[in-house]
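Asker: So the chains spell out like this:
Number of protein chains: 2
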Amino acid sequence: MSDPSASSSAPLSGTERTRHRRLREQGRTGREALFEVLRAGFVCHLGVVVDDVPMVVPTVYGFDAGHLYVHGSVASRSLTRGATVCVTVTHVDGLVLARSVFEHGVDYRSAMIYGVPRVLEGDEKLAALRCLTEHVAPGQWDYARRPDRKELAATTILAVPLDEASVKVREGHPDDADDPHDVWAGILPLATSWQPPVTDPRAAHHPVPPHILTRLPR
Amino acid sequence: MSDPSASSSAPLSGTERTRHRRLREQGRTGREALFEVLRAGFVCHLGVVVDDVPMVVPTVYGFDAGHLYVHGSVASRSLTRGATVCVTVTHVDGLVLARSVFEHGVDYRSAMIYGVPRVLEGDEKLAALRCLTEHVAPGQWDYARRPDRKELAATTILAVPLDEASVKVREGHPDDADDPHDVWAGILPLATSWQPPVTDPRAAHHPVPPHILTRLPR
Numbered sequence: 001m002s003d004p005s006a007s008s009s010a011p012l013s014g015t016e017r018t019r020h021r022r023l024r025e026q027g028r029t030g031r032e033a034l035f036e037v038l039r040a041g042f043v044c045h046l047g048v049v050v051d052d053v054p055m056v057v058p059t060v061y062g063f064d065a066g067h068l069y070v071h072g073s074v075a076s077r078s079l080t081r082g083a084t085v086c087v088t089v090t091h092v093d094g095l096v097l098a099r100s101v102f103e104h105g106v107d108y109r110s111a112m113i114y115g116v117p118r119v120l121e122g123d124e125k126l127a128a129l130r131c132l133t134e135h136v137a138p139g140q141w142d143y144a145r146r147p148d149r150k151e152l153a154a155t156t157i158l159a160v161p162l163d164e165a166s167v168k169v170r171e172g173h174p175d176d177a178d179d180p181h182d183v184w185a186g187i188l189p190l191a192t193s194w195q196p197p198v199t200d201p202r203a204a205h206h207p208v209p210p211h212i213l214t215r216l217p218r
Numbered sequence: 001m002s003d004p005s006a007s008s009s010a011p012l013s014g015t016e017r018t019r020h021r022r023l024r025e026q027g028r029t030g031r032e033a034l035f036e037v038l039r040a041g042f043v044c045h046l047g048v049v050v051d052d053v054p055m056v057v058p059t060v061y062g063f064d065a066g067h068l069y070v071h072g073s074v075a076s077r078s079l080t081r082g083a084t085v086c087v088t089v090t091h092v093d094g095l096v097l098a099r100s101v102f103e104h105g106v107d108y109r110s111a112m113i114y115g116v117p118r119v120l121e122g123d124e125k126l127a128a129l130r131c132l133t134e135h136v137a138p139g140q141w142d143y144a145r146r147p148d149r150k151e152l153a154a155t156t157i158l159a160v161p162l163d164e165a166s167v168k169v170r171e172g173h174p175d176d177a178d179d180p181h182d183v184w185a186g187i188l189p190l191a192t193s194w195q196p197p198v199t200d201p202r203a204a205h206h207p208v209p210p211h212i213l214t215r216l217p218r
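From first to last, the protein sequence lines stand for chains A and B. Per full-length UniProt numbering, the very first residue in the first sequence carries number 1; after that it's consecutive. Per full-length UniProt numbering, the very first residue in the second sequence carries number 1; after that it's consecutive.
Check the hints yourself; a few may be wrong.
Copies of one chain are not kept apart here, so a pair can be met inside one copy or by any two copies together.
[Said to hold, decoys possible] Calculated cross-link-like contacts (lysine to aspartate or glutamate; reagent style DMTMM-like; alpha-carbon spacing at most 25 Å):
#1 125 <-> 164
#2 150 <-> 134
#3 125 <-> 171
#4 150 <-> 52
#5 150 <-> 175
#6 150 <-> 164
Hint data in this document are derived by calculation from the structure and do not stem from the laboratory.
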């Protein structure tokens, strides 16, 4: 597996904070690239620092034009006020099988977002929870029972500004066609797709609602 | 979406460091549960602290009985010697569509590993790279060209001890069958599967090798 720092064809790799980008500077291209990555999934990895040690927590997210909303009770309990978090969303599209082990890698799309999160309350929290729910499970905000006062109090939503982020995409075939080791090379794609819904036996007296049935494969 | 701290049926959530488990204390069950999660994937999210800010980097991994091996150039450049990292591996198995928005969640399997990584060199590095390559792309270590001295020098492999880890699994239907809001409920499964290999046009004179063709769906 090649070193991400050594080659632009590198496998899955992160972005140094020092090379971070302000979305305002990236303009529409950068912002649209970020939204594309965010639209393609609903689980992120939220990184916080607890007693000088990193903690990486998988959690669900939603977003609008200005903020990422994450469901973050564990993280919020550990959060120092004003501390920056890192949220990473990654889609793995396939294995890059090169002629050399060194050029092996992963086709992927990834976004890293840095920001100081705000714990939402009141109407803001409700609106963010709706945004998050509709991103993760479109149609359910109107179909399921909305949270009551007690449930809302037991829910923690963090808003992370979408100002500082970087997007990385690696796609296509391996880059070592000129390698003297002349063997098969290519891509082994990895696909993620929704499967037919499985009805809870205790809800079998209801048909599967159309907004679930028509959910497009991701 | 319910608060992970409020319910065992909670959606995707992390594990507090304060509730961490030593694998030795968990015995065979804990260790086997960890290996099951690690076997089911090949991309992790590596969390490190850089200038008091968390950085979460997606990268490939392999493992043996005692260590997780991660491909970590970006992280290793930023790593403070002796600093603890957090590596999280997450598999999303489906959406839990409950009667109430509050009980919505995700069926998932996740492992969080804490440890002080060691940058490997020499024979240890080569052995770990082989382990990692064979985990990510079984059969390729013998089929592709192995790294030469220069490539090996340009590769960074971190070894994280598999001593401190926690595994979380959420499976099955929503837990709110007694909710007064009587609507359809169930699971929308999410499946990840390998697709037929795509041959690099510049390698079309070679057949797809059997070890790629027979790769089982994950």
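Asker: For every hint, state whether the structure bears it out.
Answerer: Hint by hint, here is what the structure shows:
no., hint, verdict
1, 125 <-> 164, "within (22 Å within a copy, 35 Å between copies)"
2, 150 <-> 134, "within (21 Å within a copy, 50 Å between copies)"
3, 125 <-> 171, "neither (37 Å within a copy, 27 Å between copies)"
4, 150 <-> 52, "neither (34 Å within a copy, 35 Å between copies)"
5, 150 <-> 175, "between (55 Å within a copy, 17 Å between copies)"
6, 150 <-> 164, "neither (34 Å within a copy, 36 Å between copies)"
Checked against the numbered hints given earlier, this structure breaks hints 3, 4 and 6; the rest are met.
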